[in-house]
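Peer 1: Protein chains in written order, with the working numbering: chain U, 1 to 164; chain W, 1001 to 1204.
Keep in mind the hints are simulated off the structure, nothing from the lab.
Keep in mind it's a predicted model, so treat the numbers as computed, not measured.
Hints may be right or wrong, so weigh each one.
If you want the footprint, here are the derived chain W segments under chain U, 3+ residues with CB under 8 Å [what the hints assert, rightly or not]:
#1 1045–1054
#2 1119–1128
#3 1140–1150
#4 1161–1168
#5 1191–1200
Computed cross-link-like contacts, DSBU-like style, restricted to lysine-lysine with a CA-CA straight-line distance of at most 35 Å [as the list claims (entries may be wrong)]:
#6 W/K1199 / W/K1144
#7 W/K1199 / U/K7
#8 W/K1194 / U/K7
#9 W/K1144 / U/K7
#10 W/K1144 / W/K1194
Don't be surprised by glycine CBs; every beta carbon is placed ideally from N, CA and C.
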Amino acid sequence: MTPDISKHLADEALNDVLIGLGSLESDAHLVRCPECRSKVENFRADMNLFNSASMAWSESRSGRPAEASWHRAAPRIRFAFVSWSAAVALLLIMAITLWRHSAVAPTNNINMVESQPLDSETQIAQDNELLQEINAAIGSDDESPIQEYKLREGPHSRLRPQSQ
Amino acid sequence: MATATLSNLRIASVYRRRIESAMAERGAVISELDDIDELVRVHGARIRRFVTCSTGDPDLAETIMQDTLLRAFKGRENFRGECSLSTWLTGIAINVTRDHLRSGRYRFWKQLKATAVDVHEMASLLPSTSVSPERRMLAQERIKELYRVLETLSYNQRTIFLMRFSEEMSVDEISEILGMAVNTVRTHLHRALKAVRSKLGAKR
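From just these sequences and the hints, can you work out the full model?
Peer 2: The structure is reproduced here in structure tokens:
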């Protein structure tokens, strides 16, 4: 009796074979079916290639001295160093600015007050004269620009237009 | 009566030889564990490869490899010989990796900048065999493709896949090391295999 190899192994069964949990039936099928067998062999061949290359890569790194490892890490460390330096510099600038602002500003006020010259009697008299002139000018019969809008002021209200 | 005694003597002799062999093997392993330079020489590259492919970060893998071997050396009294030394070391490497991945410090540095595996460099280091340049180039492409597929898997799937197909551990050993049910390990392997085979199979 010729074995039926038209039915190939399902993916689940094939994966079980690769994992190492294949059934006796799966093993028997693989012996007969070249197509399923090639799937298993192809996967194993790919894994062998990968394992050989990755192991060679890892071994090549073992040969590198610590210095080489430092060189590999150097760009990362340099980047971190520059970032941290920039952050520290920024913080320092902010702190110095704040400190100077809080420490210097009151002193300036005091200086300003102190630096103002005391008004002399003559100066006060001149100022009063000027103010009186302004008062006289305002108190003249000239029409106020606000009257142009015909506004009236109530006791507890804002200015509102006068009723016609 | 004499036949039975002879048979018993033969059995005792076989057992004695097995015990002596096991003790010699254990003695060799213990002496290997006593010398940290030897540990690095024999197991360093294998652990580095495993952790690199598992985390995708070669610099982190270097740190983990050193931590693993140092921890193994310090705790060599705990090695009871119930599994092979490489399996025991892989178990330690997995715990050390887990600790690193959980630590906030690692996350911070990872966000800052992590190194990546140069897959072209890895593929180019394929040991030279007597094949044509075309076949060699195809093989390198398959290695790159396999690595890229592994990158798409979850951490658990990738680690378990590597434990089975690179470290050649059995499902039971993986289950014991990870503290996972055998069926869970199997499910992870099935999902990883499905992804790998569908990607690689399509390009063959």
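Peer 1: Compare the structure with each hint and give your call.
Peer 2: Hint by hint, here is what the structure shows:
{"no.": "1", "hint": "1045–1054", "result": "holds (count 6)"}
{"no.": "2", "hint": "1119–1128", "result": "holds (count 6)"}
{"no.": "3", "hint": "1140–1150", "result": "holds (count 5)"}
{"no.": "4", "hint": "1161–1168", "result": "holds (count 3)"}
{"no.": "5", "hint": "1191–1200", "result": "holds (count 5)"}
{"no.": "6", "hint": "W/K1199 / W/K1144", "result": "12 Å, holds"}
{"no.": "7", "hint": "W/K1199 / U/K7", "result": "23 Å, holds"}
{"no.": "8", "hint": "W/K1194 / U/K7", "result": "20 Å, holds"}
{"no.": "9", "hint": "W/K1144 / U/K7", "result": "33 Å, holds"}
{"no.": "10", "hint": "W/K1144 / W/K1194", "result": "18 Å, holds"}
In this structure, every one of the numbered hints holds.
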